[in-house]
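Here the protein sequences line up with chains A and B, keeping their order. Residue numbering for the first sequence follows this note's numbering, beginning at 1 and increasing consecutively. Residue numbering for the second sequence follows this note's numbering, beginning at 1 and increasing consecutively.
Note that these hints are calculated values from the structure, not bench results. All values derive from a computational prediction rather than experimental measurement. The beta carbon of each residue, even a glycine, is placed where N, CA and C say it ideally should be. Among the clues, some could well be false.
Partial pick of chain B residues on the chain A-facing surface, computed with a CB cut under 10 Å [what the hints assert, rightly or not]:
1) 26
2) 30
3) 54
4) 60
5) 224
6) 227
7) 244
8) 248
9) 252
10) 253
11) 260
12) 263
13) 267
14) 270
15) 271
16) 272
Number of protein chains: 2
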Amino acid sequence: MRRNRQVILVSRPPQQGWLSEENFRLVETPLPEPGEGELLVRNHWLSLDPYMRGRMNEARSYAPPQSLGEVMLGGTAGEVIVSQHPGFRPGDKVVGRLGWQEYALSDGSGLRRVDDAGIPLSASLGVLGMPGVTAWIGLFDICRTQPGETVVVTAAAGAVGSVVGQLAKLHGCRVVGIAGGAEKCRYVVETLGFDDCIDYRMGADEFWPALKAATPARIDCLFENVGGEVFDILLGRMNAFSRIALCGMISQYNSAPYPIRNLSSILVNRIRMQGFIVTELQERWPAALAELTRHFAAGRIKYRETVVDGLAQAPAALIGLLRGENFGKQLVRLI
Amino acid sequence: MRRNRQVILVSRPPQQGWLSEENFRLVETPLPEPGEGELLVRNHWLSLDPYMRGRMNEARSYAPPQSLGEVMLGGTAGEVIVSQHPGFRPGDKVVGRLGWQEYALSDGSGLRRVDDAGIPLSASLGVLGMPGVTAWIGLFDICRTQPGETVVVTAAAGAVGSVVGQLAKLHGCRVVGIAGGAEKCRYVVETLGFDDCIDYRMGADEFWPALKAATPARIDCLFENVGGEVFDILLGRMNAFSRIALCGMISQYNSAPYPIRNLSSILVNRIRMQGFIVTELQERWPAALAELTRHFAAGRIKYRETVVDGLAQAPAALIGLLRGENFGKQLVRLI
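The shape of chain A in the complex, shown without the other chains (with noise of 0.2 Å):
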């Protein structure tokens, strides 16, 4: 008979320090049965997410913290392979939120059907999917981007960045990366596109004159995704009536806070700093998914992915991520 695999949280980490493999457990669980209205799914693809970190802590934060005991949250993509839904059939392709498990009972809702005729499934936990989306919303609702802006996007190779910097360079803007090391930079211009991208682990008296030379008009948007010394370097560089989407602080989740010291910044250039959250603009997601669809079915927008193979391999791949190890989107293989 077969059975259930499953990555709990057993531990947390310390509130400003590093999570360890030591705070997962994968255990084996009866495989559920589906009753009246639900489905059971075959998790293919699981998505690693920065936001996860943040949820392992106690604190009070825009979501209810993972409870200790159970199945880790994320983001999912796998197939119907029993259902008593009327919605749903088996050998459908589902997108959900049903954790770090092989498989998974549902009743259907936040599921979301989708057609991977011609598009890779695992492009919906990408592209596709949340990252895609939440870059639509960061770059056209939270900084309103016009033609001719410089954008600057942080983590620019990684599953936002990367589409961030491509969906401005489409819109008509002036767009300079930020990324961890040459290989990744590379990648940025030359695979995707951007105008120009900066190594941040240049030392901090270089990087200024290279933010200066890659900005020559200066910041019109800056897309947030790491927060702590660069950010507070980036602030010096905005221009008047700018706008800063804070997506994320991806530095900032495993340590003490980087002191800020550029914030009047906000008030002599009139800067409107936005933080928003993916989930709770449900409203925007049927246009930016239609949006980001069609360029990338007519090859307009490139992706990569970084995958590991194996549930086991989840806990590594997470803390991964949060080193920037990752190259693209972060993804468990579900094998």
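With chain A held as given, fit chain B onto it using these hints.
Chain B alone, transformed into the frame defined by chain A:
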């Protein structure tokens, strides 16, 4: 023959340090004579405002710096004494930006005629002038405050803060002020009618519990005039989907910037923070002044002025304002 007296900026204070009276010089000059299309104004009141400190630096800001050797820039209220301009007659009361001087020549640009029947002329530099309009725009256009929300305003006993709180009360909000010293807090609650006021001079250990008690439903709108350590603490008390109108950072104008650690609150709470400069939003002044005048005429807005007599006192009064020694609107009466 009558002479004009002017205060000139003769040297700049250190970029991150205090200004001193030595940065200014009082000079006597010949009284100018208006030519065709010009008018001569006798200034009766000089407005002292925190933004003046920023203009004294040479650094890039939203406005060009105050030039050395020139009359200090600043708002004024006075009376036309000679006019060769078709739009003004002797006896007209006018508000403008005629600078730190007893008499000023003007071509009428930027000059606003005010009706001082029943309204003290000095009020057109305070509650019915730039500070009042700043309060109105920050509260309604930037924060978009709704009835029932909790509004917190710093420098609550100042020219702007005192109007912010009273407008918010008239709008049906819970209003908490932050001010320096027990006397100011008493005034804010007992005279201006705020729901509560917290003295930031109490220790940081006491401030947080006092803030929590005063804002049981957290903060929906923060009208920020001060910046620094108190602002950092307030960031930790913001509500989901709250707004911050960043109007000033007076605590930061004469010192190295205080490092802000709670910026992740912007992300976690999906806050919109926006800097604004009231003089750039001229299209909103008529609506703001109309509502302020209506409330003022009905006795619903109270105000207080701190007045020094004579142009020679202006430098010391500006230093006092930046130290928080004033109560309400700081003015110089040009006797």
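Status of each hint after checking the structure:
1. A least Cβ separation of about 30 Å between residue 26 of chain B and chain A goes past the 10 Å threshold, and the interface hint is therefore violated.
2. Because the smallest distance between the Cβ of residue 30 of chain B and any Cβ of chain A comes to about 38 Å, over 10 Å, the interface hint for this residue is violated.
3. Proximity of residue 54 of chain B to chain A holds as hinted, the smallest CB-CB distance being about 8 Å (cut-off 10 Å).
4. For residue 60 of chain B, the interface hint holds, since its Cβ comes within 10 Å of a Cβ in chain A; the closest pair sits about 8 Å apart.
5. Restraint check, residue 224 of chain B versus chain A: the minimum CB separation of about 9 Å is within 10 Å; hint holds.
6. The beta carbon of residue 227 of chain B is positioned within 10 Å of a beta carbon in chain A (closest approach about 7 Å), and the interface hint is therefore held.
7. Of the supplied interface hints, the one on residue 244 of chain B holds, with its beta-carbon coming within about 9 Å of a beta-carbon of chain A, less than 10 Å.
8. Interface hint status for residue 248 of chain B: upheld, as the beta-carbon distance to the closest one in chain A is roughly 7 Å, under 10 Å.
9. Residue-level restraint check for residue 252 of chain B holds (minimum Cβ-Cβ distance to chain A is 6 Å; threshold 10 Å).
10. About 9 Å separates the beta-carbon of residue 253 of chain B from the nearest beta-carbon of chain A, less than 10 Å, and the hint is met.
11. This hint holds: residue 260 of chain B has a C-beta 5 Å from the nearest C-beta of chain A, less than the 10 Å allowed.
12. Annotation: residue 263 of chain B was flagged as interfacial toward chain A, and the flag holds, the nearest CB pair being 5 Å apart, inside 10 Å.
13. The criterion of a C-beta within 10 Å of any C-beta in chain A is met by residue 267 of chain B, whose closest approach is roughly 4 Å, and the hint holds.
14. Because the closest C-beta pair between residue 270 of chain B and chain A is about 5 Å apart, less than 10 Å, the hint holds.
15. The restraint placing residue 271 of chain B at the interface with chain A holds, with a minimum CB-CB distance near 6 Å, inside the 10 Å limit.
16. Contact between residue 272 of chain B and chain A, as hinted, is supported at the beta carbon level, the nearest pair being about 5 Å apart and thus within 10 Å.
In terms of the numbered hints stated before, the structure departs from hints 1 and 2, listed from lowest to highest.
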